[in-house]
Amino acid sequence: MLKNFILKDNYNDSVVLMNAANSVRNEFSNKNVSAVMATPQNMELLESLGLLSDEGKKALSADLIFAVDADTAEAEKMFASFQKVMAAKSSEKDSAEESDSSFDTALLDDAALVLMSIPGRYVPREAERALMAGKNVMVFSDNVPLSDEIRLKKLAVGKKLLFMGPDCGTCIINGKGLGFANVIKPGNIGIAGASGSGIQELTCAIDKMGQGMSQVIGVGGRDIKSAVGGLSLLAAMDLLESDKSTDVIVIISKPPDADVADKIISKAKAGRKEYVINFLTMELKDFGNIKFASNLEEAAVRACRLLNEKAVLPVSAHRLPKLKGKYLRALYAGGTLCYEALYLLKDIEIFSNTPINKDLSLQDVFKSIKNSLVDMGEDDFTRGYPHPMMDFTLRKQRIAQEAEDPQTGVILLDCTLGWGCHNDPAGELAEAIVEATKTNPGIIFVTPITGSYGDPQDYNAQQKKLEEAGALVYHTNRQAVEAVREILFSK
Amino acid sequence: MRAKALYYDDFISAASLLKLRAVKKYANSCYFRNPAGEFITFLKSPNQLVPGGIVFPEAVYEQVQVMDELSLELISGEAKSLELPSECSISFEASARAEDKWRLAQDDFKNILDFLIAGRNWKKLLGLGGGLTPSGDDFLVGYIAAKKMGGMEIPFKLDLSKTTPLSAHFLRHALCGRFSDQITAFIKEEDLSILSFGGSSGAATAVGVIKGMAENECVRAVSCGGADENNTEVVKAC
Numbered sequence: 001m002l003k004n005f006i007l008k009d010n011y012n013d014s015v016v017l018m019n020a021a022n023s024v025r026n027e028f029s030n031k032n033v034s035a036v037m038a039t040p041q042n043m044e045l046l047e048s049l050g051l052l053s054d055e056g057k058k059a060l061s062a063d064l065i066f067a068v069d070a071d072t073a074e075a076e077k078m079f080a081s082f083q084k085v086m087a088a089k090s091s092e093k094d095s096a097e098e099s100d101s102s103f104d105t106a107l108l109d110d111a112a113l114v115l116m117s118i119p120g121r122y123v124p125r126e127a128e129r130a131l132m133a134g135k136n137v138m139v140f141s142d143n144v145p146l147s148d149e150i151r152l153k154k155l156a157v158g159k160k161l162l163f164m165g166p167d168c169g170t171c172i173i174n175g176k177g178l179g180f181a182n183v184i185k186p187g188n189i190g191i192a193g194a195s196g197s198g199i200q201e202l203t204c205a206i207d208k209m210g211q212g213m214s215q216v217i218g219v220g221g222r223d224i225k226s227a228v229g230g231l232s233l234l235a236a237m238d239l240l241e242s243d244k245s246t247d248v249i250v251i252i253s254k255p256p257d258a259d260v261a262d263k264i265i266s267k268a269k270a271g272r273k274e275y276v277i278n279f280l281t282m283e284l285k286d287f288g289n290i291k292f293a294s295n296l297e298e299a300a301v302r303a304c305r306l307l308n309e310k311a312v313l314p315v316s317a318h319r320l321p322k323l324k325g326k327y328l329r330a331l332y333a334g335g336t337l338c339y340e341a342l343y344l345l346k347d348i349e350i351f352s353n354t355p356i357n358k359d360l361s362l363q364d365v366f367k368s369i370k371n372s373l374v375d376m377g378e379d380d381f382t383r384g385y386p387h388p389m390m391d392f393t394l395r396k397q398r399i400a401q402e403a404e405d406p407q408t409g410v411i412l413l414d415c416t417l418g419w420g421c422h423n424d425p426a427g428e429l430a431e432a433i434v435e436a437t438k439t440n441p442g443i444i445f446v447t448p449i450t451g452s453y454g455d456p457q458d459y460n461a462q463q464k465k466l467e468e469a470g471a472l473v474y475h476t477n478r479q480a481v482e483a484v485r486e487i488l489f490s491k
Numbered sequence: 001m002r003a004k005a006l007y008y009d010d011f012i013s014a015a016s017l018l019k020l021r022a023v024k025k026y027a028n029s030c031y032f033r034n035p036a037g038e039f040i041t042f043l044k045s046p047n048q049l050v051p052g053g054i055v056f057p058e059a060v061y062e063q064v065q066v067m068d069e070l071s072l073e074l075i076s077g078e079a080k081s082l083e084l085p086s087e088c089s090i091s092f093e094a095s096a097r098a099e100d101k102w103r104l105a106q107d108d109f110k111n112i113l114d115f116l117i118a119g120r121n122w123k124k125l126l127g128l129g130g131g132l133t134p135s136g137d138d139f140l141v142g143y144i145a146a147k148k149m150g151g152m153e154i155p156f157k158l159d160l161s162k163t164t165p166l167s168a169h170f171l172r173h174a175l176c177g178r179f180s181d182q183i184t185a186f187i188k189e190e191d192l193s194i195l196s197f198g199g200s201s202g203a204a205t206a207v208g209v210i211k212g213m214a215e216n217e218c219v220r221a222v223s224c225g226g227a228d229e230n231n232t233e234v235v236k237a238c
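Top line first, the protein sequences correspond to chains A and B. Residue numbering for the first sequence follows the working numbering, starting at 1 and increasing by one per position. Residue numbering for the second sequence follows the working numbering, starting at 1 and increasing by one per position.
No wet-lab data here; the hints were simulated from the structure. Idealized CB from N, CA, C, for every residue including glycine. Treat each hint with caution, since some may be false.
[Claimed, not checked] Cross-link-like lysine to aspartate or glutamate pairs, in silico, EDC-like; alpha carbons within 16 angstroms at most:
#	chain 1	residue 1	chain 2	residue 2
1	B	K101	A	D9
2	B	K24	A	E378
3	B	K162	A	E378
4	A	K225	A	E274
5	B	K110	A	E44
6	B	K24	A	D9
7	B	K162	A	D9
8	B	K123	A	E44
9	A	K367	A	E378
10	B	K124	A	E44
[To be verified] Now the in silico label distances, taken between C-beta atoms and shown as ranges:
#	chain 1	residue 1	chain 2	residue 2	range
11	B	F115	A	K31	18 to 28 angstroms
12	B	P57	A	K8	30 to 40 angstroms
13	A	D379	B	S71	38 to 48 angstroms
14	A	D286	B	A27	58 to 68 angstroms
15	B	E58	A	K58	55 to 65 angstroms
16	B	P57	A	D380	47 to 57 angstroms
17	A	A88	B	P57	23 to 33 angstroms
18	B	S71	A	D104	34 to 44 angstroms
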């Protein structure tokens, strides 16, 4: 039954209308709901969708039509619910014009840190203003020219301020998570790192072993290049050295340029605190106060054991199913997690859009061949879409695409929780897993969760969703990758 | 009531501020109409000016926005002209950001809007889409701005009774060459604050500006005689 309701002379903007209509769609599990202004064009479309009644045709351009396809009693209920949500939405949010005080006023505030997320080319000017005003700066944005990064970092060092970024995704300062960050207990481990998802994995593993963080300082991936010379990383080490609540300092990054690695190691050697250094993929021998780790989990365990000898990570014991297809397809949202997986599987021929061995580059990043490991946080995928930790559209499409390939045997998917990312990552992945299983029931899904038990998404509920969809769930990326290895090599 | 404003659209006459009746109130802006049906928008500083708008200091805004009916007399404030700038500087990056924002816009009729835009079916856009100012109209406002900037003729006539009253108000002003500060700032110094205006209104307007500008370039290339056959084809294909 078609039913139209008319609200005379309505003045609600599209955000309010869309939200209210969506909420009714979900509440009543009925897709045939539309709420639009009754302009002739909109009415024509409603008619073509079969949603315009004779009643509705009487509406004027200034009126709102609420159209549903439901029986009369149900339709009345839906309209009542629509009006209720709309009233609530329009009073809570002023979506017509939302403007903050200006940046100048913000700089007068006594806050010690400025976080910016603006187009890269505006960063040099605004960041300089913030530094000149005596603020520490975290830059979430990428696309900041290298020369500006160097200039700004020198300026910050001169002023004894921290410059975190550009492209710095994760920090936890004085217990407050900035960017993509998990809810981590306070504690005595400090981190300085040039990697976003790596820091998240590390802090979550530490949290799972009962230890906590003093400060977590991200510096941006280019800090460890010769040209930048580790300016911010070294400054962060100074800060952590002088921080009373920090007992153990963990350094994490992809392999730095040799001169920068030297500087970092000499500084650590001269330090008074215990160090764990993880230059992802570099296997080095411990000496003095420095312990080396070659992967993220190992770094977390070694740091925790300095504070508690008996620290252990929870493990997931799964009976591994037999491989039916042939190849591994890994679709990562976290760049460092992807890199770590490539490193841990270095004995297998794996193609990637971010290969460690350049001979194994994926020719077409949108199409997997043989064993493939794809970092979907790379630019090719983020153009026009938010980062895959927030928006699962492309990853879900790709999962469906891999399922179509009869040679796909295992699909590996990271699932990151915490502030800043999607509010139900496991729900999104589970949906795609269930669909893919319908297409190809033989595929084995393996998912590591990067998350803490305090995260807003509820770790256990997220784990359950993935398990119910049929995935093998692991507590760290390394555990998941090792399970994949076993599956691939089992006879 | 007598009130101090910061600045206002110079198009507003003293008579048009009499017997205003409130139609919609937000925390930072509210819409009133006078007996002639014209829209007068009250804006809280530091909001940008719109056609038929008055920007008040915060304290004054608090006073005027609670009124349901009032006759207003402005005792101070600068009259600002809402004409387009002479120069355009919109970079590729800025237009990419506008288009990204539009791509993610929520609108029940988004697919149809895109289809009509791709087919240059401008007239069909009038009154199409959700919200107070349907997205199709927002696009048209931007498109008209671009045509005006290029000194081009507007290639359609609009029957403004076929859209919402508020939207008709903005289109009417646009056709007379008068635009919100945000549109001007976007064109003049590629200020992207327009993208956060409304749900998708700002993004739709920005995309309208970009499509219109691109079309101007096409036409100009041909009329200057500097075009080769390929370019001519582009125009035909548009």
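Status of the hints after comparison with the structure:
1. B:K101 - A:D9: The given pair, whose Cα atoms are some 29 angstroms apart, is violated under the 16 angstroms limit.
2. B:K24 - A:E378: 44 angstroms, violated
3. B:K162 - A:E378: The given pair, whose Cα atoms are some 45 angstroms apart, is violated under the 16 angstroms limit.
4. A:K225 - A:E274: Status violated; Cα separation ~25 angstroms.
5. B:K110 - A:E44: Distance of about 15 angstroms is within 16 angstroms: holds.
6. B:K24 - A:D9: Holds. K24 of chain B to D9 of chain A sits at ~10 angstroms (cutoff 16 angstroms).
7. B:K162 - A:D9: This hinted pair holds, its Cα atoms lying about 14 angstroms apart.
8. B:K123 - A:E44: 14 angstroms, holds
9. A:K367 - A:E378: 15 angstroms, holds
10. B:K124 - A:E44: Given that 16 angstroms is the threshold and the Cα spacing comes to 11 angstroms, the pair holds.
11. B:F115 - A:K31: 18 to 28 angstroms: 21 angstroms, holds
12. B:P57 - A:K8: 30 to 40 angstroms: Taking Cβ atoms as reference, P57 of chain B and K8 of chain A lie about 34 angstroms apart, which means the hint holds.
13. A:D379 - B:S71: 38 to 48 angstroms: 57 angstroms, violated
14. A:D286 - B:A27: 58 to 68 angstroms: 59 angstroms, holds
15. B:E58 - A:K58: 55 to 65 angstroms: For K58 of chain A against E58 of chain B, whose Cβ atoms are near 43 angstroms apart, the range 55 to 65 angstroms is violated.
16. B:P57 - A:D380: 47 to 57 angstroms: 49 angstroms, holds
17. A:A88 - B:P57: 23 to 33 angstroms: 30 angstroms, holds
18. B:S71 - A:D104: 34 to 44 angstroms: Distance hint for S71 of chain B, D104 of chain A holds at roughly 37 angstroms.
When the structure is compared with the earlier hints, violations turn up for hints 1, 2, 3, 4, 13, 15 and for no others.
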